[in-house]
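Engineer: Okay, here's what each chain looks like letter by letter:
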Amino acid sequence: MELQAVLMAAGGGSRMPDLTYNTPKPMLPVGNKPLMWHPLNLLERVGFEEVIVITTKEVQKMMSTDPKMKDVKMKLDVVCIQEDGDMGTADALRHIQQKIKTDVLVVSCDLITDVALHEVVDLFRAHNATLAMLMSKAHDFTETVPGQKGKKKTGEQRDFVGVDQSGKRLLFMANEADLEDGLSIRKSIMRKHPRMHIKTGLVDAHLYCLKKAVVDFLADNKSISSIRGELLPYLVRKQFSKTTNCPKSKDDADDQTQKTADGSTNSTELLICSRDEPLLQLAQERSCWNDHRGDMSEAYHGGKLRCYVHIMDQGLCYRVNTLAAYIEANRLASKLLEEPAVHPSAVISERCQMGPDSIIGAQCQVADKTSIKRSTIGNSTTVKEKVKVTNSIIMHGVTIEEGCNIHGCVICSNAVIGRGADLKYCLVGNGQQIEAEGKHRLVSRF
Amino acid sequence: KEEKQRLRKEKKQQKKNKEKNDEKTSHEEQPAGSASQPPAQPSPKAVPVPASEAPAPADKPAKSKADLKAERRARQEAERASKGKKGDVGQPAPTGKLKAPPSELQPVVKRLPEHVQVDNPEVVKKLAKKLERQQIPLRSDYGYKVSLFSHLHQYSRKAPLTQQLGIPSTVIHPAIVRLGLQYSQGIVAGSNARSVALLHAFQQVIRDYTTPPNEELSRDLVNKLKPYISFLNQCRPLSASMGNAIKYIKKEISNIPSQCKEEEAKIKLLNCIERYINEKIVLAAKAIAKYSIEKISDGDVILFPPNCSFNVTISTSISSSLVNHILCEAFEKKRKFRVIVVDSRPRLEGREALRRLVQKGISCTYVLISAVSYILPEVSKVFLGAHALLANGYVMSRVGTSQIALVAKAFNVPVLVCCETYKFCERVQTDSFVSNELDDPDDLIVTRKGKTQLEHWQKVPSLGLLNLVYDVTPPDFVDLVITDLGMIPCTSVPVVLRVKNVDQ
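Protein chains in written order, with UniProt numbering: chain F, 1 to 446; chain P, 1 to 504.
The shape of chain P in the complex, shown without the other chains (with noise of 0.2 angstroms):
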C-alpha cells in the first residue's frame, strides 16, 4: 500500500516537473522567473549549491513523513540519472537570489556562458581549469565593478594579457597574439573589422599548420583553435560577428574529407575564408549601400551615430562602418544630404566617422549624444549600425543607440538599421543587463586644464565607473532593417536565421 502511494506521489512529481521544465524552456533567458514556481518542485540540481536543498522542505511544513520520503526517493533517483550529464545550469544573475534551476530531467539542457556568470565563483574555477589545460593565462579582473553588472567580466587595460605569457609565445600563435593585443587596446574596433582581422590572422594561422602524424587534419586543427580562441576571449569577449565567422569556420575545417592532401585542404581553406570575407562582408555591404540609396533622397537631413563600421550618414550613431561606407557611396552616386555624426564618450569614435565623411566632401554636423533631442526637429532619417541582430528582433549596438532610436521614435523620425546578415545571431535578449561588456572604467577618467578629478576613484568607498558598451534597442523603435537580403523588418530576423540553417 505504501508503495502504491509512493508511485503515485511519483507520478504527480514528474507530472509537475514536465510541467515546470515547458515553462522554464520558454522563459528561458528572462532571469526574473521561477519564483511563482510550486515550491514543492524537488530540485535535483547538479549545481553543488548545498543550501537550495534546505529550502525545499523547509517550504512546505504540513508535508507528511511519507511526502517527504517519496520526494527524497524521486530526488535521489533524478540525480543518479543527472550524474551522467554535465550541464552546468547556472543561476539567472542580476538578482542574486537563488531561483530554483530547471531540473535536470528536462531533455534541452540550456547553459548560461561563463561570460555572464563572473561572480559565480565555481564557473569562474572551471573557467580557470580550462585556461590552465590550454595554457593560457587568466586574466583578472580589474576595480569595483557596478552591482548590477558584476556578474561581467571588467579588465583593465594596463594589466595586458602578454604581461603573463611568455615572449616568443610558443604555445600561441603569434598572430593570434598580436590580434588579441589589437582586440584589448582598441586598435581593432568595431565588428566588421574585427572580424576581418580574426579571419586574417586564421589565415596565417592555417598557413603555418602542419598536420602531426597520426593526426587528421580536419579534428586536429579545430582543436588548435580552441585555445586560440579562449585567449582572444580573454583579451576581449567576443562579438556576435565573429563567433559567427569561428562556427563557419570550424564547420569547414571538419568538412574537410579525410583522404584530402595537407596543402590542397590548407589551399582550400584559405579560399574559404576569402570566400566568406568577399561575401559576406564587402560584397554585402555594396549591396546594403545599394538598397540604402534608395532610401535617401536628395535634400535629406541624416543622423548618424558613428559606432557601425560604415556610417551612412543622415543621423549616425556612434560610428559604424557599414554606415560609412553607405553614405560614401549615396555621395559619389550625387545624392545632396547632409549629416549629423552623434557621438559619445569615452570612445568618441564619432570624430573618426566624421574625418572620413569630410574627406569626402559630405557636409556634416557633429553632436554630443545629449544633444540629440535638440537637433532631431531637422532630421529626416536615422541611420543606424548593428553589432549584432538578435532573434527576437532586438538590436544590439553600441551603448547610446537605443536612446536615440526612442527619441526619434518620440519624434516619428523613422530609423533605418544597417546589418549584414552574417551579425545575425540566435541569442535572445530583452535588456542590456543579462549580457554586455564592460570596458575599463579608467576611459572615463579625463583631465580637463590640468585636473583629474576621477583619479582616484578607487579609493571612494561609495564611487562605482561603469563604461558600458553595448546596449538593446527594441523592434518597436526600428523601422526597417536594411540586409544583403533586402529590406525586411525587424520581426522577420527569426526567418532569416531559419533560412540560412537549411540553407547550410
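The following block holds chain F by itself, in its conformation from the complex (with noise of 0.2 angstroms):
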C-alpha cells in the first residue's frame, strides 16, 4: 500500500457562522453535493479505495442518510471524535496513529479542486520527501457577499511562502502573526538556496502528503496540535537544522531516545533513517544528478528531511472555508461536476427560463414564467410562478412563492420566501420565513 487517504471533516466552519448555525460545514451544499463529497470524489477519480474519514457524530448521521454520499464507491472508514473543537488537525492524526500503516494524503472536507494529484504525490514520490503539499495562487472573490454590508476587510494574516529556485522546495513558511518585526532568514538556508522566491498570494490548499514517520513522530509529541499551524512550519525549519543533517550510527541514536525525556528532536533522528539507507546512499553516490549547482555539496545538500510544494497556477482549487468561497465555489461547482446540471427527477415546466450554469436538484418543482440563471437550487425545492432568481443558492426544501425576485442571495434549507419578495445579496438561515412583499438588502435573517 503506498498512500492512505485521510479526510478531515471535524471542522466547524467557523469563519461562515451563518450558515453552519444549523448545518455543519462538511455537509453544506455546493452544486447540490454535500461539500465533503468533492474531495472524496477527487479521490476516488485518482484511485483511491479507501479513506478514512474524521468527524463528528453528527455529520456521520447525516452522512448516512445523505442519498449522494451513496455514491461514493470508496469504503469509508469513519472515526468520531468529539465536538467541542479542542482538537487540532495535528491531534486528529494522533487519534488514528494506529489505523496508519503507510504514508498519509490528509486531505480537508473543504477542498474543492480539479488539480492533477499525481504532479503532488510524484513530488513526494521522486525526491523520498517528508511532506508534499499543494498550494494555488489565491483568486479575488469579486461578487458581493450577502448579508454583509460594505465590503469586509481582509482580517486575514498573509502567508509567507519561500521557494526555491525550481518553485519546487519549499524553504520557508512563516504567517505574518508569527512574525513579529519582520521576515528573518537563518544564514544556513541563504547559503544552501541563494535565490528564493517569497510569494504572499498563495491558498494553502490543505492537502498533505506525509511520511509515516511524521504521524509517528506526532504521536510521541504532544504538543502539536495543527497540522497547518504548527506542524509544517517546523518540519520546513527542520530541513536546514543542523541535528538532522549529522550522520549518526544507529547505536547512537537509540542511546539517545532512552537519555532525554523530551523525545522530539531524538525521533526526528529516527525518522528519517531507513533501513537500506546504504544501498540507497551508494545509488546516489553513482548518480551523476544534484539538484542544485554552484557550491561543493551534493545532491539536496545531503539533507534527508525534505518538503515540496507544488503550486497550482491553472486551474480550479477553493478552500470553501468563508461565504464568498461558498458562493464562488457554489457558481463553478457546474463545471466540475459530470452530472447534467438538471436532475431527471425534477418537474421544470416549459415556460421556465433556465441558464446553463444553473443546477437544479432532485424533485424540484419549477413553476412557469420562471427565469432561474447563475443559481443552484437544492433538492426538493418548489418555485413558483414568475420568480426571478439569479446568481443564488438554494438549498433544500426551500419554497419561493409566486412573483418573488432573487438576486445575489443564499437562502438555507426550509426556508419559505412569501409572495413578492424582493431579496437582494440577503442570507435567509433555517427555516426562516420571509413575509411576502418584503423587500430586502443586504439582510440576514435568522
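What the hints contain is simulated information worked out from the structure, not anything from laboratory work. Just so you know, not all the hints are guaranteed correct.
Stated by the list, open to error - Dumping the calculated DSBU-like pairs for lysine-lysine here, alpha-carbon to alpha-carbon at most 35 angstroms:
1. P/K226 - F/K75
2. F/K304 - P/K360
3. P/K360 - F/K242
4. F/K99 - P/K224
5. F/K384 - F/K439
6. P/K11 - F/K99
7. P/K158 - F/K304
8. P/K145 - F/K242
9. F/K168 - P/K145
10. F/K101 - P/K158
11. P/K360 - F/K192
12. F/K192 - P/K449
13. F/K192 - P/K286
14. F/K192 - P/K333
Work from the hints to combine the two standalone chains into their complex.
Structural biologist: Encoded structure:
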C-alpha cells in the first residue's frame, strides 16, 4: 500500500457561522452535493479505494442518510471525535495513529479542486520527501457577499511562503501573525539556496502527503495540535537544522532516545533513516545528478528531510471556509460535476427560462414564467410562477412563492419566501420565513 | 512427370533457402543486407505484410507456370509449418525498404527487440496489448522525430507515466513507481546508479511479497516482476547493466527449490542481491581502481569525459562514476596528475563530476567537447567509462565518447575504457542508429538573456530536435579495457562472456 487517505471533516466552519448554524460545514451543499463529497470524489477519481474520514457524530449521522454520499464507492472508515473543537488536525492524526500503516495523504473536507493529484504525489515519490503539499494562486472573490454590508476588510493575515528557484522545494513558511518585526531567514538557508522566491498570494489547499514517520513523531510529541499552524512550519524549519543533517550511527540514536525525556529531536532523528539507507546512499553516490549547482555539496545538500510544494497556476482550487468562497464554489460547481445540470426527477415547466450554469436538484418543481440564471437550486425545492432567481444559492426544501425576485442570495434549507418578496444579497437562515412583499437588501435573517 | 518436376523444384528451393538462412544468420545485425538476395526466394513470412507476396512473383516475369505453381505450393507448406511458431521477424528499420526477411524455415529465429521497431504499427499494437494485459499504461511518443531515428521511442519528461496510473498504486509496487519516476526525471542516472537502485527496489518488492496459495514462489515471483520491468521500460529504456541484473535475479528466483520455505527463500534472495551488488559493483570498482592506478603515472594529464559514474581523470569524458572513483583513489595513493573534464550539452553531467573531483582536491580543467582537439596535445591518457561493452568489441557509451576516442587516436593518445564485467552484453552493434535512446527534445531548449529561441520548435515544419543518449566506439580506437578481471583488449569481450556463461 502506498498511500492512505485521511479526510479531515471535523472542522467547525468558524468563518461562516451563518451557514453552519444549522448544518455542519462538511454537509453544506455545493452544487447540490455535500461539501465533503468533492474531495472524496477527487480521491475516488484518482484511484483510492479506502478513505479514513475523521468527523463528528452529527456529520456521521447525516452522511448515512444523505443519498449523494451513497454515490461514493470507496470504503469510508469513519472515526468520530468529540465536537468540542479542542482537537486540532494534528491531534486527530494522533488519534488514528494505530490505523496508519503507510504514508498518508491528508485532505481537508472543504477543498474543491481539479488538480492533477499526481503532480503532488510525484514530488513526494521522486524526491523521497517528508512532506509534499499543494498550493494555489489565490483568486479574488468579486461577487458581493450576501448579508454583509460593505466590503469586509481582509482581516486574514498573509502567509509568507519561500520556494527555491525551481519553485518546488519549500524553504520557508510563516504566517504574518508569527513574524514580530520582520521576516528573518537563517543564514544556513541562504547559503544553500541563494535564490529564494517569497510569495504571499498563495492559498494553502490543505492537501498534504506526509511520511509515516511524521505520524509516529506526532504520537510522541503531544504539543503539536495543528498540522497547518504548527507541524508544517516545524518540518520546514527542520530541513535545515543541524541535528537532522548530521549522520549518526544507529546506536547513537538509540542511546539518545533512552536518555532524554523530551523525545522530540531524537524521534526526528530516527524519522528519516530507513533500513536500506546504505544502498540508497550508494545509488545516489553513483548517480550524476544534483538538485542544485554552484557549490560543493551533494544532492539535497545531504539533507534527509525535504519538503516540497506544488503550486498550481491554472485550474480550480478553492477552500470553502468563508461565505465568499462558498458562493464562488457553487458557481463553479457546475463545471466540476459531470452530471447533467438538471436532475432528471425535477419537474420543470416549459415556460421556464433556465440559464446554462444553473443546477437544479432532484424532485424540484419549477413553475411557469420563472427565470433561473447562474443559480443552484437544491432538492425538493418548489419555485412558483413568475419568480426570478439570479446568482443565488437555494438549498433544499425551500419554497419560493410567486412573483419573488431573488438576486445574489443564499437561502438555507426549509425556508419559505413569501409572495412578491424582493431580496438582494440576503442571507436567509434555516427554516426562516420571509414575509410577503418584503423588500430586503444585504440582510441576514435568522 | 509433373510431380517429379515439382519435387525437383522444391528441393532446389530448399537448398537455396538454406543458403539464404546461413547468410542471414551471419549478417543478422547489419541492416543493409538482403537486397542482394536472389528474388526468387519464396518468402513465407509470419509478418502479415501482404505487399510482399506481390513482388516475389513479379520479380521474375520469365517464370513458367509450373514454376509458379511449385513455388506457391512450397510457400503454402512453409506457412503451414510456420503457423506453429510465433517468431515475429521485424524489418530492419532505418532504410524503411521492405527486405525479404529470413524465412520461417530457419531453425534460429532472431527477434528484433520492440524498442527499435517503433515505426512498425503491428509491433506497437502488440506492445500495447501486452501492456494492457499487465495493466500498465502505454507512454505515448512526443514530438517530431528525426527520420533516421523514427524507429525509436521519444518521450517527454513533462508527461510522466504516473499521470495514467492510479495514485495509491496497487498494480505496481510503490518502490517501483518511485524508481520509474526517478529514472524518467533523471534523478537516478548512470548505469551503475540505475542498477543499484533497481536492485534496491527489487529487495523491497521481495520483502513485501507473499506467495499466494497454490503457487510456487519461484514461478510466481518471476511473473510478478514482469509487469514491473515493463513499467520501468516504459519510464526509461532499460540499460544493458540493468538487463544483466534482471537476468541474474530471475535466474536466482527460478532456482529456488520448491520445498524451501517462504521466509528462507526471501532471505536467500535478499542476500543474493546484496552479494551481487557487492561483487559486481563495489568490489569491481575497487579492482578496476587498483589496475588503473598502475596505469596512472606521476605527472599525467588525464582527459575525462564524465558520463561514467566513476570518472577517472585524465581525460574523462562524459561522467562516469567508475572513472570518478578511480581518480579519487589514485589521488589518495598520492599520484600526481591533473584532470581535464570534458563536458557536453544538454546533460552537462561534467559539472557534477567536476564537483566531486575538486572536492577531493584534484586539480581539474573543464572544457566542452568542442574544445577537445584543442586540448588533446596536452593530454597523456584518455579514460572513458562505458555503458555497455558489446560482443564485437564495440564500446557503447554516452554520445560524444566515440568522438573523443577518434580525436585521441588522431593524436596518438592512449584510450583506456573502464568497465565492470556485469556490463558486458551479448548484443552486437556497429553503428549508433540501430539501437539508441532518444531523450526529451525539449532538453535542448535553453534560455539565454531572457530569450528562448527554440521555444516553438514544433511549429517550424522543417525543424527536428534530436537528443541522442548513446553512441558506439569501434575497438580500433580503444587501446585497453580495464575490467575487474584484469586488463584486456577490446576484442576479448566475447571470451569473457563465454567464460561467464560457462561459470553460470
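Engineer: It remains to establish, for every hint, whether it holds in the given structure.
Structural biologist: Hints and how they fare:
For a cut-off of 35 angstroms, the pair hint linking P/K226 to F/K75 stands: about 30 angstroms separates their Cα positions. Restraint check for F/K304 and P/K360: satisfied, since their Cα atoms lie roughly 23 angstroms apart, inside the 35 angstroms limit. Pair hint P/K360 plus F/K242 holds up; C-alpha atoms about 23 angstroms apart against a cutoff of 35 angstroms. The hinted pair formed by F/K99 and P/K224 meets the criterion: a straight-line CA distance of about 28 angstroms does not exceed 35 angstroms.
Only pairs whose Cα atoms come within 35 angstroms are accepted, and F/K384 paired with F/K439 is accepted, the gap being roughly 18 angstroms. For the given pair, P/K11 sits about 75 angstroms from F/K99 by alpha-carbon distance, which is inconsistent with the 35 angstroms threshold. Simply put, P/K158 and F/K304 have alpha-carbon atoms about 26 angstroms apart, close enough for the 35 angstroms limit, and the pair holds. At roughly 49 angstroms between alpha-carbon atoms, P/K145 and F/K242 are farther apart than 35 angstroms, so this suggested pair is violated.
Restraint check: the Cα-Cα separation between F/K168 and P/K145 comes to about 31 angstroms, which is no more than 35 angstroms; the hinted pair holds. A threshold of 35 angstroms between alpha carbons decides the hint, and for F/K101 with P/K158 the separation of about 31 angstroms falls inside it, so the pair holds. Pair hint P/K360 plus F/K192 holds up; C-alpha atoms about 20 angstroms apart against a cutoff of 35 angstroms. Between F/K192 and P/K449 the CA atoms are separated by roughly 25 angstroms; this keeps the pair inside 35 angstroms, and the hint holds.
The hinted pair formed by F/K192 and P/K286 meets the criterion: a straight-line CA distance of about 33 angstroms does not exceed 35 angstroms. With a CA separation close to 32 angstroms, the supplied pair F/K192 and P/K333 stays within the 35 angstroms bound.
When held up to the earlier numbered hints, the structure conflicts with 6, 8 and fits the remainder.
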